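Q: So you can see what is in the structure, the chains are spelled out below.
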Amino acid sequence: METAVENKYTYKDFESDQEVRWCPGCDDYVILRSMQKALPEMGVKKEDVVFVSGIGCSSRFPYYIDTYGMHTIHGRAPAIASGVKLANPSLSVWVATGDGDAMAIGGNHFIHVLRRNIDLNIILFNNEIYGLTKGQFSPTSMVGQKTKSSPYGNTQPPFNPGELALGAGARFYGRISGNSPKDISQMLIDAHHFKGTSLIEVLQNCVIFNDGCYSNVTNKDVKEDKLIFLEHGKPMIFGKNRDKGLVLSNLKLEVVTIGENGITEDNILIHDAKEKDPTMHQMLVRLEYPLATGIIRSYNDLTLEEREAEVTKQVKANSKFKKIDDLFFSGETYKVE
Amino acid sequence: MIVEKSNIQSEALETVVIRFVGDSGDGMQLTGTQFTDTSAMFGNDIATFPNYPSEIRAPQGSLFGVSGFQVHIGSVEVSTPGDNLDLLVAMNPASLKTNLYALKPGHTIIVDTDAFNRKNLEKAQYKSNPLEDDTLNNYRVVKVDMTSLTREALKDIEGLDNKTITRSKNMFALGMVYWMYGRTTEYTIDFFKKKFRKEPLLIDVNTKVLKAGYNFAETLEFIPNAYSVSPAKMASGTYRVIMGNTATAWGFLAAAEKSGLELFLGSYPITPATDILHELVKHKHFGVKAFQAEDEIAGISSAIGAAFAGDLAITTTSGPGLALKGEALGLAIMMELPLVVVNVQRGGPSTGLPTKTEQSDLFQALYGRNGESPAIVIAASTPSNCFDFAFQAAKLALEHMTPVILLTDGYIANGSAPWRIQSVEELPEIKNNKVKEGADNWSPYIRNEKTLARNWAIPGTIGLEHRIGGLEKDSITGNVSQAPENHEIMTKIRAEKVKRVQDDIPEIKTEFATSGDLLVVGWGGTYGSLHSAVKQMNLVGYKNIGLAHFNYINPLPKNTGDLLTKFKKIVVCELNNGQFVNMLRMNFTGIEFLQYNKIQGLPFGNSELMEVFKKLIK
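In the order they appear, the protein sequences are chains A and B.
Letter by letter, the first sequence follows residues 0 to 336 of numbering that gives the first Met the number 0.
Letter by letter, the second sequence follows residues 0 to 617 of numbering that gives the first Met the number 0.
If you're looking for bench data, these hints aren't it; they were derived computationally from the structure.
Note that the structure is a prediction, hence the values are computed from the model and not measured.
Hints should not be assumed to be uniformly reliable.
[As the list claims (entries may be wrong)] In the DSBU-like style, the derived pairs of lysine-lysine whose C-alpha atoms are separated by at most 35 Å in a straight line are:
| id | chain 1 | residue 1 | chain 2 | residue 2 |
| --- | --- | --- | --- | --- |
| 1 | A | 334 | B | 207 |
| 2 | A | 36 | A | 219 |
| 3 | A | 319 | B | 192 |
| 4 | B | 491 | A | 312 |
| 5 | B | 433 | A | 334 |
| 6 | B | 197 | B | 281 |
| 7 | B | 257 | A | 194 |
| 8 | A | 312 | B | 193 |
| 9 | A | 319 | B | 534 |
| 10 | A | 36 | B | 122 |
| 11 | B | 210 | B | 122 |
| 12 | A | 194 | B | 283 |
| 13 | A | 334 | B | 534 |
| 14 | A | 334 | B | 257 |
| 15 | B | 257 | B | 194 |
| 16 | B | 193 | A | 44 |
| 17 | B | 430 | A | 315 |
| 18 | A | 194 | A | 7 |
| 19 | A | 312 | B | 210 |
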C-alpha cells in the first residue's frame, strides 16, 4: 500500500542515470522537474511508482525518472497502464502522453480509461503539434495552422481535450500552463491523491515546431488577464487587479468587472469542482476568454478496482470452490476403472 | 402395435456417428450436447463437431440458417467426430438438403414431417417434397409428425403458447434417439431441473416431450432394430466431458495455481475464442482478473501491463484479432515479458469464415510482426489436450520470459471429448524468473545462463526500479542503445532464447510406424482426423505408414530432422494452402515434402485421407 515514507525523498531520488534528451527550452523539462519535485510530497515509496508512456516526445518521460517504467507503443499507454493497475492496485500508476498519442492513434484507449475510472493519473502534454515526427498537425492543432502536413493551413477542426475528457466521463480534469512549475507540482500531488482516473492537460510549448502556441495566454505579461486559475470553493475571479469575474447569464458564462454596474464579489460564481453534474465544468473547459486552468473537475466516484473488489468479495463468499481441483471435479464426472 | 423392447434385436456396434440438424432456432446444439453428455456418462468415448451459421438468427427455414451438431460415440477409441453418418435427424427441409450427402447409403434419417410444408420446401429450394419423391430411396426414412406429437404430449398443460410448444420438439427427437441407442433420459431430466430451476413449467414441458419421444420410439413399428454402443476402454481415472475452449481456460487456471501467480486475462470478444473469456470471467473466486477491454489492442496491452506487474498474463483472440495484436506482441517480445496469446483459428483472410475451422494463421503466428521478432508457437491437437497446451504455454512463457502463441482452432475449441481430470498436484512445477529485493549487481537484462531468460523484477520490489520499452536496449544494462553491434547481439539473443526452448520440450514420436513408405505429417487440430485415417490404413493392411503430429512448431522438436529421413515419402496435411509444409521445406532443404490441403472450413474426412494415402503409396 501507499504508506507514508519516513525517510523523505528529495527530487534527486527520482532522477534516473539517463541523460535527458529533449530540445533545449522545451516545456517537457519543466514538467519533468515538477514531477520529480512532486513525488517526494506524495508520501509514496519509489518502488511503488510506475510510469507508462506511448510514443512521442513526451513519452520519453519514464526513462528520466528513477521508478519503475515502461516506454511502450503509440497510443496504447492507457491500456497498458490499466493492466498494471488492475494487476496490482496498490501501485501508483502514471501515464505520460501527448496530444497525438492520446487523442489520435490512442483515442479509443483514452476515452475508455476515463469512462472506467481506474485509479491512475494521466499527464497530457498538449503542444498542438507532432514533435517527434517533425511537425505535422495534431488533433488539437488549430484550423488554418500551417504545418508540414498542412502547408496551406489545417482543415481539420480540433478536439478540446477537456471537453472530450468530460464527455468520456472523466472524474478529474485539470488544465495547467506549462510555464508554471509550482502549480504543476501541486496539481500532480492532487491528482495522486484523487481516487479515480485523473487527467492533467499541460499547455506545453514546442520551441521547434509550434513555438509560442500558447504565448498569447501564458506569457508572463498577459497570463493574469487571460487565464483564470480555478480553485474549489473559491469565487471565479481573475485579472491583474483581481477585479474580473465570471457570472452565469442566459445559460452562458460571462465576464464581469467587480465594482462596475453594481457587481460585487457576491455576484461571482463559486467554483464547485466536486459537483457530479459536469454541465458547469463543460462550460468552463469551452471558455476561450479567460482560458480556464486549475482543477476544473474533481468528482469522487467509485473506481473500477473498488467495483471489481466488491464483486469479487461477493463471489468469493458465495463460491463453493476453494481451489482449482474443486472446480475440475465438480458437476458431472464419471469414473473409468 | 406395441413392440416390446426385449423383442427387438439389438445391433452391437463399435462406433456410431449421429448428426442433429435443424434451423438455427431449433435447439440442435443443446440436443447434441445432451446426447454427448449422456453417452459420456454411459462410458463411451466421444468426439463432437458443432457446425452453426455465423448469423445469430438466420431467416427461418433457409439453407444458410441450418445449424448442426455431430457426435461420434464409440466403444473403442474415437478420435474424430466421424465423416459418414449412421443417423441423420433433420428437423426441416433445408437441413435435410444440406446434410443428406453425409449419410451412409442404407442408413437412417429421422425427419419432422410437419416441417415439410410448402413454404419450407420452397425456402430449401426443393421442387417437390423429398419425402414423397425418390430422393430418399437409398435410405431408411423414419417419418414422424414431431410437431403434432409434441403438441399432443403437452395438451394437458394449460396456457402454453405455440412458440414454447414448437421449441421443445427437439426434445422429442432426442427422446427417440435415446431409445434407439439404449440410453436413459435421466441425465437430461436432471439437466432440465437445474437449467429451469426458476421456471418449473419448462421442466415439466421438456420432460414430458423427451419422454414422449422416447416412448414413441419404443412403440414405433418401423424402427426395425435398436443399436447399442458399449462403453469404451479408456485409461482409468475420473473423467468429464470438456469443450476445447473450456479446457484452454482451465489449463490457465491450473497454471496460475501451480505457479503461485494471479491470472490476468485481457480480451475482446471474437468468435470462436470468446468462450475462453466467458469461462475465465466466472472464476473471480480464484482471484482471476478477466478484463474485457475496448478492443483487441487494449486486450493484449492490458495483459502486457499485468505481465510487467507480475501476473500470469494472457490474451485470447482469433485470426483478425491476432493481426490487431501484432504490434503489441512485438513489444512484449522486445521487453521480454511472459505472455500467452491464444489464437483460436478460423477461416480467413479478413472476416473470412468466422464460425468455420482452418489452420491458416500459422504464418501469422510465426512471422506476423515487424522486425526480427521470434515467438514460441505451440498448437493443441484435441479438445481435451487444449488443457495441457494452455498449461504448457504458461509454463514456457514464465520459464523463458518471452511470449508464447498457442494455436487452437474452431474445430477443437468447440468440439468436446472425454477428459481424464488432472488434479493440480499431478501437474509439473512451473518456475519463474522473479528477482527478490536487494539483489546485487542487478540489471533487468541479466539472464539465466541455460534458458537466456532475463530477470523479472516487478514493481513494488525495493531497489530494482528500472525502465524497459520498445526501443532497443543495451545487452548488459538494459538502457536504450542504438549501437550497431548491440542490436545484432540482442536480435541473436532473442532468437537463441526461443531456440533453447527445444531443451525443455519433448522429442516427437511417430505413431504406427517408425520408418517405412509414407510419413503423414500434421500439426494442431487435425490430429483426430489424421490419427484415425492412418490407424484405419494400418488395420486394412498398410503397415508402412507412420504419423508424425506436431504440437511444437517454433521451435520444432530437436529430433525432427532425423525423423523425417526415415520414410520414403512425406505428405504434410493441413487445413490451409500449405504453410507448415513450407516452413519444413525452409528448415529441411534436401527433403522432399508432398502436401495435401483442404480449405473448405471443414475438417478432413476419414475416407478422403485414406484415398490420398493409398494413391501416394502405390
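Q: Which numbered hints turn out to be false for this structure?
A: Violated hints: 4, 5, 9, 10, 16 and 19; rest satisfied.
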